[in-house]
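Q: Read off the chains here:
2 protein chains.
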Amino acid sequence: MSPDAPTHEPGRDARATAIIDMGSNSFRLVVYHWMPGGWFRLVDEIREAVRLSEGQTDGRLQPRALARAAHAADLYAAYCDAAGIDHIDAVATSAVRDATNQDEALDALSAGGRLPVRVLSEDDESRYGYLAAVNGSTVADGWFLDIGGGSLQVGRIERRHLTNSMSAALGAVRLTEAFLTGDQQSGKEAAALRKHVRKQLTTHDWIGGGGRMVGIGGAIRTLAVMEQRRAEAPFINPDGHRMTRDALGETIDLLTSLPVAERRGLQGLRSDRADIILAAALAIDEAMATAGCERLEVTAQGLREGVFFEHYLRDEVPPLLPDVRRTSVLNAGLQFEFDRRHAEQVARVALAAFDETARLGLHRGDSMEREVLWTAAMLHDVGVLVDYSAHHRHSEYLVLNTGLPGYDHHELAMIACMLRGHRKGVPSLKKVYGSLVREDDDARYLRGVALLRLSEQLERAKAGQIRELRCRLEDDELVITVGCEGDPSLPLWSGMAERQHVERAFGVTMRLESASGIEVPERPS
Amino acid sequence: MSPDAPTHEPGRDARATAIIDMGSNSFRLVVYHWMPGGWFRLVDEIREAVRLSEGQTDGRLQPRALARAAHAADLYAAYCDAAGIDHIDAVATSAVRDATNQDEALDALSAGGRLPVRVLSEDDESRYGYLAAVNGSTVADGWFLDIGGGSLQVGRIERRHLTNSMSAALGAVRLTEAFLTGDQQSGKEAAALRKHVRKQLTTHDWIGGGGRMVGIGGAIRTLAVMEQRRAEAPFINPDGHRMTRDALGETIDLLTSLPVAERRGLQGLRSDRADIILAAALAIDEAMATAGCERLEVTAQGLREGVFFEHYLRDEVPPLLPDVRRTSVLNAGLQFEFDRRHAEQVARVALAAFDETARLGLHRGDSMEREVLWTAAMLHDVGVLVDYSAHHRHSEYLVLNTGLPGYDHHELAMIACMLRGHRKGVPSLKKVYGSLVREDDDARYLRGVALLRLSEQLERAKAGQIRELRCRLEDDELVITVGCEGDPSLPLWSGMAERQHVERAFGVTMRLESASGIEVPERPS
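Residue numbers (the working numbering), protein chains in the order written: chain A, 1207 to 1731; chain B, 1207 to 1731.
Excised from the complex, chain A in its bound form (with noise of 0.2 Å):
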């Protein structure tokens, strides 16, 4: 199965998934339309702050607790019957599985037998991190880690395969409850937590030795967005987002500066995590330092892309995606009905010149700058499905706001420029996502962004004009030769108004011609 569908027919064979995921904090259901071989997109979502394992006391899941998850089933299945969901899929995570009175539990959950409720093992809980982590991300070597309100997960991920996890009661409500009881600004109570998290993360010897590690779960994504708001990032979204332990030692150390009831104004914060996300910032940290990373890929995923997952990718053994990028990229593009013929052939246009300028030493061909300039080229229409006038910029605002599982922050910020970029004025990149990228990487997007342009005039016609592209230097000229199907002036008029952004960028003086040995005649004036 792969996301390589046509055409994108909503509502024609697709198909509605909900998954329930009955967690220690909160409940949610989440309701995905998808296409089989084709697009997702989560369309509903039902939260309730059900804190089921609250005040647990020896094991037993306490009656007020059980009432609010009844209550919280019950409106589940009645949305359920009522939405025409054609597939449930309901999950109990550590808070079930713990408890001494766990058949109560359940009876309470399943809303009458309405909701087929499945009891996650610990193995299952950890199969489903990985699998959001891995679908989520480029990570093919390293760790993940997902932290609930009942259970921390880490499991060690070996080329796209989970060889180790683990699973313990290190969940956010439960650490808060047992180590941070008073104001949680006593330094001796997060010291107790943190060695109480060491010790058992350290039973298990296969966890050490650093590399990239994949978080993923509400609290993780919480800190980010906390992180992001508080340095005033240019855009908000916790996926791609990178965590440094050093950043993160920032948000601890403002939460213990800050008892429970002031926290409510910090900015990424709700209201109703206020009190556990210290543990989990804490636990997280302490995870991070075992595993020995320094630095958390956040990725938008939890336990219920996993479990989504095994049913949108059910032929595949383990469920993974053949390329994250490309399905982002795909996903993203088919949901906003781009035309997507034009948009491989400008890709395949810009990749040619890019190609050929690093083989004629005018840059060095990095990978990631061609990874960039290929997404940017395959997305840098789909704006025109909000307006046609001003579509770079609904383009922009479309890529940023969708999410591009597999993709950090930092390339999103020059995919996003490059996309503003294509038409009218060339932004600076400094000026609009300044905190995101690098002095150095203004002449990698001074070069994406005039390739993409010149790639989008070539094919002005949006009809695959252009078979072929080769260049060479006469001098300090870059003679771009294209090979056109048909009439080559509008693909040589056209391209030549990017003259002056390929020259800026490459240094050079730019002559376009055709292979039939058409050269392009002076704009009469």
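If you're looking for bench data, these hints aren't it; they were derived computationally from the structure. Heads up, a few of these hints could be off.
[Claimed, not checked] Taking lysine to aspartate or glutamate and the EDC-like style, the derived pairs with C-alpha atoms no more than 20 Å apart in a straight line are:
1) B/1401 with B/1411
2) B/1636 with B/1438
3) B/1636 with B/1646
4) B/1637 with B/1438
5) B/1636 with B/1617
6) B/1401 with B/1491
7) A/1630 with B/1478
8) A/1630 with A/1646
9) A/1405 with A/1383
10) B/1630 with A/1383
11) B/1636 with B/1647
12) B/1637 with B/1617
13) B/1630 with A/1478
14) A/1630 with B/1647
15) B/1630 with A/1254
16) A/1401 with A/1491
17) A/1630 with B/1254
18) A/1405 with A/1328
Got chain A sorted already, so can you dock chain B onto it with the hints?
A: This is chain B only, laid out in the frame that chain A set:
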């Protein structure tokens, strides 16, 4: 033919129509994709600043101007050949119509016979302007005004039909060349221009008496955007802007205070219009004064749209949309792949609640307020296409940027703010859209947002559960009774979550019950 097709299936049976507008100042090719009986979308545009009528003497178009025109025509022909356009409609206006060397001009414009150019008569041109105005606004009785590079048209509209029209050689390029030959800062030149325009307009004794006036064309759009930029409007979009003569007077003063070369820094003014915009502004002001109109309703439409509607609505005589606002809303919804059934359910429930509360005397049942509520209800979820998690904000972005012909900015501000406030926090209308709203809008907005939230929650399962809604007052308690299909528990529970918003907006307490007698039980805490 109506825009009510049940599904939106891009790429299947869609048509591609190119309209080429060969004006006196600029040439423009636009491409519409459209579905007979369904949606339409502008997907491409190529503008060339040809200045066809530049330097005209004795009515002869000059060789240099004709060479530029021939070049543009060749490009357009090459584009249409390669791009697979189903139908091309190329029209030439007053510059060609009035040229003493028209044959020579047509030879240049026809691209060696590849473009079949129609020379529009004055009546044709007025008719297309009228079609653009009436299909792009809610004006049933009033005026349209179109000013291009070569000519100016005024038409009188009665019951959506064109009853009188005139066209005269009062276009911006021509007036500039005839009158503003100096640095354009002399009051004398402007006064002579004004006098000339007024004299020509007053020969038509049917022009006068005031009423609504719709403005179309590029010069008017430009003046609208300049004014919005100057006022730092909350969003920029010419469509739906209202231009008073006072504000136009300020723009004229500003333009007169600057030599042409210094106008290039003015926001919203593209450099190839900097020299002719003053003539356009002066002529518009004279036309408004002669017709007795103090306010111009700006649309994003132009001659091209008039020509397009003749294709899109070919079975209607005259080719008028039955309901401009409804078409705008459905066209936007279909573009953004809304769940039409759900949108219509929420709209129905919201209007029922609006009418019931008006019947009880809780508000006046204002028709504009009702219309705004309907629109917001229809489009509240379009942002899900971008991403679920902040879809209220994405709905706001999409609606403001896609443009909804038939709505003014005051209405759009209300609608947009309701979209943003339909879930999560309710923003302050005044804070976000301050300059577009009035003090007393706040109560309307809060009522609208409360009813939208309530309806959305009553239809939480998106399944049309609410068959009936009635309200009564018991002392100061508003009792809302809903007739539900199936289990009423989800609608009742979800609806009650919006109680505080309803209570705040209507100054009552609220109770919700199902017609079958079920009341909402307390949520376990």
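Q: For each hint, tell me whether it holds in the structure or not.
A: Evaluated hints:
1. Between residue 1401 of chain B and residue 1411 of chain B, the direct Cα distance comes to roughly 17 Å. Compliance with the 20 Å bound is thereby established for this hinted pair.
2. Using a Cα cut-off of 20 Å, the hinted pair residue 1636 of chain B and residue 1438 of chain B holds, with the two alpha carbons roughly 15 Å apart.
3. For a cut-off of 20 Å, the pair hint linking residue 1636 of chain B to residue 1646 of chain B stands: about 10 Å separates their Cα positions.
4. As the CA atoms of residue 1637 of chain B and residue 1438 of chain B are separated by approximately 14 Å, the hinted pair is consistent with the 20 Å bound.
5. Our distance criterion of 20 Å between C-alpha atoms is met by residue 1636 of chain B and residue 1617 of chain B, whose separation comes to about 13 Å.
6. Annotation: proposed proximity of residue 1401 of chain B to residue 1491 of chain B holds, straight-line Cα distance about 12 Å (limit 20 Å).
7. Between residue 1630 of chain A and residue 1478 of chain B the alpha-carbon distance is near 14 Å, which keeps this suggested pair within the 20 Å criterion.
8. At most 20 Å may separate the alpha-carbon atoms for a hinted pair to count; residue 1630 of chain A and residue 1646 of chain A exceed this at roughly 24 Å.
9. Our distance criterion of 20 Å between C-alpha atoms is met by residue 1405 of chain A and residue 1383 of chain A, whose separation comes to about 18 Å.
10. Among the hinted pairs, residue 1630 of chain B with residue 1383 of chain A is inconsistent with the structure: their alpha-carbon atoms are about 29 Å apart, more than 20 Å.
11. Using a Cα cut-off of 20 Å, the hinted pair residue 1636 of chain B and residue 1647 of chain B holds, with the two alpha carbons roughly 9 Å apart.
12. For the hint pairing residue 1637 of chain B with residue 1617 of chain B, the CA-to-CA distance comes to about 16 Å; that is within 20 Å, so the pair holds.
13. With a C-alpha separation of about 14 Å, the suggested pairing of residue 1630 of chain B with residue 1478 of chain A holds against the 20 Å cut-off.
14. Of the pairs offered as hints, the one joining residue 1630 of chain A and residue 1647 of chain B is violated, with about 38 Å between alpha carbons and a cut-off of 20 Å exceeded.
15. The straight-line distance between the Cα atoms of residue 1630 of chain B and residue 1254 of chain A is roughly 14 Å, inside the 20 Å bound, and the hint therefore holds.
16. With a C-alpha separation of about 12 Å, the suggested pairing of residue 1401 of chain A with residue 1491 of chain A holds against the 20 Å cut-off.
17. Proximity of residue 1630 of chain A to residue 1254 of chain B is assessed by CA-CA distance (about 14 Å); at most 20 Å being required, the pair is judged to hold.
18. Taking the CA atoms of residue 1405 of chain A and residue 1328 of chain A, the gap is near 19 Å; set against the 20 Å cutoff, the hint holds.
Violated hints, in rising order: 8, 10, 14; the structure is consistent with all others.
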